[in-house]
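Trainee: Given chain A, work out where chain B should sit, using these hints.
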Amino acid sequence: MQQLTPDMIMVLVMIGVAIFLFIVEWVRVDVVAILMMVALPLLHLVTPKEAFVGLSSNAVVSIIAVIIIGAGLDKTGMINKLVKPVLAIAGKSSSRIIVAVSFTVALISSFMQNIGAAALFLPAIQRISKLQKIPLSRLLMPVGFSAILGGTITLVGCSPLILLNDLLIPFNLEPFGLFDVTPIGLALVASGILCFIFLGRFILPQGDITENQENDHICALDSSDSQGTGDKCFYELTTPDDFMDYRDPVRVSNLHQRYLVSILALTEPPDFKTLSPSPDTEIRSGVDLVVWGKKKDVERMAAREDLKLKDTIECYGKEFEDANSGIVEAVVAPRSQFAGRSLGANNFNDRFRVSPLVIHRQDEVYRAKLDDIILQTGDVVSFYGTWKRLEVLHQEGGLLFSMPSDLEDMRPEKALWAGGWLVLSLVMIMGFNIQLSVALMTGALGMVLTRVLSIDEAYQSVDWRTIFLLAGLIPLGIATEKTGTAAWIAGSILYFIGDVQPIVLLTVIGILSTLFTLVISNVGATVLLVPLVVNMALAAHTDPRMAALVVGLATSNSFVLPTHQVNALYMGPGRYRTIDFIKAGSLISVIFLVVMIAMIYLFYGV
Amino acid sequence: MSIITISRGSSSMGKAVAEKVAAKLECDIFSRDLLFKTSGRFHVPQKTLEKAIHDAPGIFERYSHTKKVYLTYIRAILTEMVAGGNIVYYGLAGHLLLDKLPHVLKVRITANLDGRVKRKMTEGFSEKKARDMILADDDQRKKWSRKIYDADPNDCSLYDLTVCIDKLSVENAVDCICRCASRKAFESTSDCVRQSKDLSLAWNAKVLLVESFPDVGITCEYGNLLIYATEKEAHTTKFKKILDDIKKENYDIYNLEVHTGLPVPANAV
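Protein chains in written order, with this note's numbering: chain A, 42 to 647; chain B, 30 to 298.
Keep in mind that a hint or two might mislead.
[As the list claims (entries may be wrong)] Straight-line C-alpha distance at most 30 Å; calculated BS3-like pairs for lysine-lysine:
(1) A:K624 / B:K226
(2) B:K269 / A:K335
(3) A:K335 / B:K49
(4) B:K44 / A:K337
(5) B:K172 / A:K122
(6) A:K337 / B:K270
(7) B:K97 / A:K336
(8) A:K337 / B:K196
(9) A:K336 / B:K276
(10) A:K336 / B:K277
(11) B:K80 / A:K337
(12) B:K80 / A:K336
(13) B:K270 / A:K335
(14) A:K337 / B:K277
[What the hints assert, rightly or not] From chain A, some residues computed to sit far from chain B (all C-beta separations above 12 Å):
(15) V54
(16) I75
(17) P82
(18) A131
(19) S136
(20) F239
(21) L301
(22) A409
(23) D413
(24) I415
In short, the hints are calculated from the structure, not lab data.
Please read these numbers as outputs of a predicted model, since none were measured by experiment.
Every residue gets a Cβ at the ideal spot worked out from N, C-alpha and C, and that includes glycine.
Okay, chain A solo, but in the shape it has when bound (with noise of 0.2 Å):
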């Protein structure tokens, strides 16, 4: 066996501080990749050039042309659309549902990443469940499920499929084809949705329709809904006419902080009406207020603040008909600018003039002190205001909103422009052989060019952090195959497992991967291994693109744990405990790795 040499031992050091940074999180995967992407040309690992060589790779430009291509397809509503095809075939049948609910989320995120898929119809699934009357915890799961398997369709699916062939390149290997992984990756699709509609009911958590949406914490959550449900929360009551005498003031937030009830419309004397007023506001004598709540606790205000309680909307009945405002539930989006601080320090009242009422984060439903919570990506804030407030909470970006498509800021009019750009791409792809990252990058000046969106909304689109996660942890796996570690790892693997088949050395690779995928990124596991693996695999006989290949679909195999970002973004509006992700990401992790094996063998003869 080859001896190891400081160059060897230095590039071990900082992969084992690489994953210990990944595992720990004292800083952010991307700032990582940077660490790494400076520390080795300062150790003379990789020259400065190698270094920086990940930014220029065609990986890189190509996620960054993904990304933009799939904010156009965003903005043209193509997918909103969708919807409505795809449920008129299901019909009402949940598995129906399931089956082609999830079969477009896979397809479209075979062409986007994984969570902008996930993202993007999010508040589409929000409404065919409340239109269907599923529990959404019996859908979201599925396809999410379904998004991370649909990036393991095509090789620009997911970013370690993207990054693949620029790992081969120090190998000569050659490089995969775009649809070379796609009977791989619809048989892990095929087999992920038929595993829920056969065994949902044992593995998915079997939340009924009136416990997810209208149990006594939320009310009415859509007013919106042709029910007229929305109104039922909502009371108008009065002030007497000595309501200020002996007491101290009242305010907005006094009223919330005793009974959990929210002001949501107020009566300034003389006859000022306000709505969502400020927590701050001082509540008068013989004035009108509407407030948002359960039914006890406003009875509870009524009786010890000396209020009258209405049997209707009486003064605000113009201010709260379904046409005028409502409440919507908004989820935070991931990268949202909200998520990370306090709802208080955003300040939603005083910005939007919307009244955030409750948040649902998993199985916790917060009324009391909102203002303190720190939102994270997948909370479900409900807000109520008019649908003007909301529309521009909405522009504002960052909150994904289950409300009428008519208020969401659309280019329909772009769509065929969009679409005929995709194909365009995979045509040059397809018919002329040419580079990923040239097709791709065709499509997405070509949407900027035909105004499906401007240059500037396709700068914002690109995930930064994902870019220089990828470009940053490059020359990581640079100096592991160029200073020799990788020959050197492989070779003491193969030395202490000794002689084994193809079939067992991949299966072993698989669930490395997996392992990893767990614990570190799936762009770090994938940079990491695939040096390790096509050496191994090259001393083991075996071939070495399919070593490859087992990394970069293996890297998607992330269901256990709500690790993964589209989990992540589905955990709380699904309502899930950590506990149903281990359950039924157990399940598809095995029949992940047994289908993916079984493919290969099938298709490429390993």
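Mentor: Chain B in isolation, oriented as in the chain A frame:
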């Protein structure tokens, strides 16, 4: 309807003052009854409870949280007893145990050492023995206050009124305390009663959690109970089971929420 705590060193005439204040204001009075009631409800020997409220924690107790558990029991009973108001408590550490209630009149009776020794000698001790006992007792209480509350019992800022019994007679001291208790700041308004009840609810919830989750914080406002825990704690089966027990046992709790990942506020118990 006042709540008065009278803190004193041993042999400082505190008991005599407390009894006369209670008689004058027609209040209930208690001291050791607190430990008796706590012992009865939680089946912990009175001696153990007394040590918890008097002696500084030993090396092992600092890690086992036993003192924290017993103190929680005691505070749950104490807040329950004072919730109705009209109470004089002259037992140990009342000013610290009820520190979260703003309308409690916290009184400290002080006396010079020689006078205290003389009074102790009337119980049949020699001068040296009496002096040693008083100094040891003072030392233990000082350590306890410092370890548990990071406070010095002789720090007058902990009290609303400090009375030196050497210069004032017992009657003068009683008169002083009663006048002070009648001030508006110490009136037991409906808001004060509500605060007392909320505090009692918070401590009673803490009683169920403290043994397994000693670091959780609990606030209660208007019957809305908020538990501040870590995500790890909140997701355990034991925690969830205890929450169910809290809901079942405390009918006055209006709403119960667990907030995770937030710092425990200063007013939490």
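Trainee: So if I understand the rule, the pair passes when the alpha-carbon distance is 30 Å or less; does K80 (chain B) with K336 (chain A) pass?
Mentor: 49 Å, violated
Trainee: May I ask you to check that S136 (chain A) keeps its beta-carbon over 12 Å from the closest beta-carbon of chain B?
Mentor: Nearest chain B Cβ is 31 Å from S136 (chain A), so the label holds.
Trainee: Could you check that no beta carbon of chain B comes within 12 Å of the beta carbon of L301 (chain A)?
Mentor: 6 Å, violated
Trainee: Are all beta-carbon distances from A131 (chain A) to chain B longer than 12 Å?
Mentor: At about 35 Å from chain B, A131 (chain A) clears the 12 Å cut-off, so the statement holds.
Trainee: Taking the minimum C-beta separation from F239 (chain A) to chain B, is that value above 12 Å?
Mentor: The assertion about F239 (chain A) holds, with a minimum of 30 Å to chain B.
Trainee: Between the alpha carbons of K44 (chain B) and K337 (chain A), is the straight-line distance 30 Å or under?
Mentor: Between K44 (chain B) and K337 (chain A) the Cα gap is close to 47 Å, so the pair fails against 30 Å, i.e. violated.
Trainee: Quick one: work out the minimum CB distance from I75 (chain A) to chain B and report holds if it exceeds 12 Å, violated otherwise.
Mentor: 27 Å, holds
Trainee: Are the Cα positions of K337 (chain A) and K196 (chain B) separated by 30 Å at most?
Mentor: Given that 30 Å is the threshold and the Cα spacing comes to 58 Å, the pair is violated.
Trainee: Does K122 (chain A) sit within 30 Å of K172 (chain B), going by the straight-line distance between their CA atoms?
Mentor: 72 Å, violated
Trainee: Would you check the hint for K624 (chain A) and K226 (chain B), treating anything up to 30 Å between C-alpha atoms as holding?
Mentor: At roughly 43 Å apart (the allowed maximum being 30 Å), K226 (chain B) and K624 (chain A) break the hint.
Trainee: Need the status of pair K337 (chain A), K270 (chain B): alpha-carbon distance at most 30 Å?
Mentor: Cα-Cα ~26 Å, so holds.
Trainee: Please verify whether K337 (chain A) and K277 (chain B) have alpha carbons no more than 30 Å apart.
Mentor: 19 Å, holds
Of the numbered hints stated above, those contradicted by the structure are hints 1, 3, 4, 5, 7, 8, 11, 12, 21, 22, 23 and 24, listed in ascending order.
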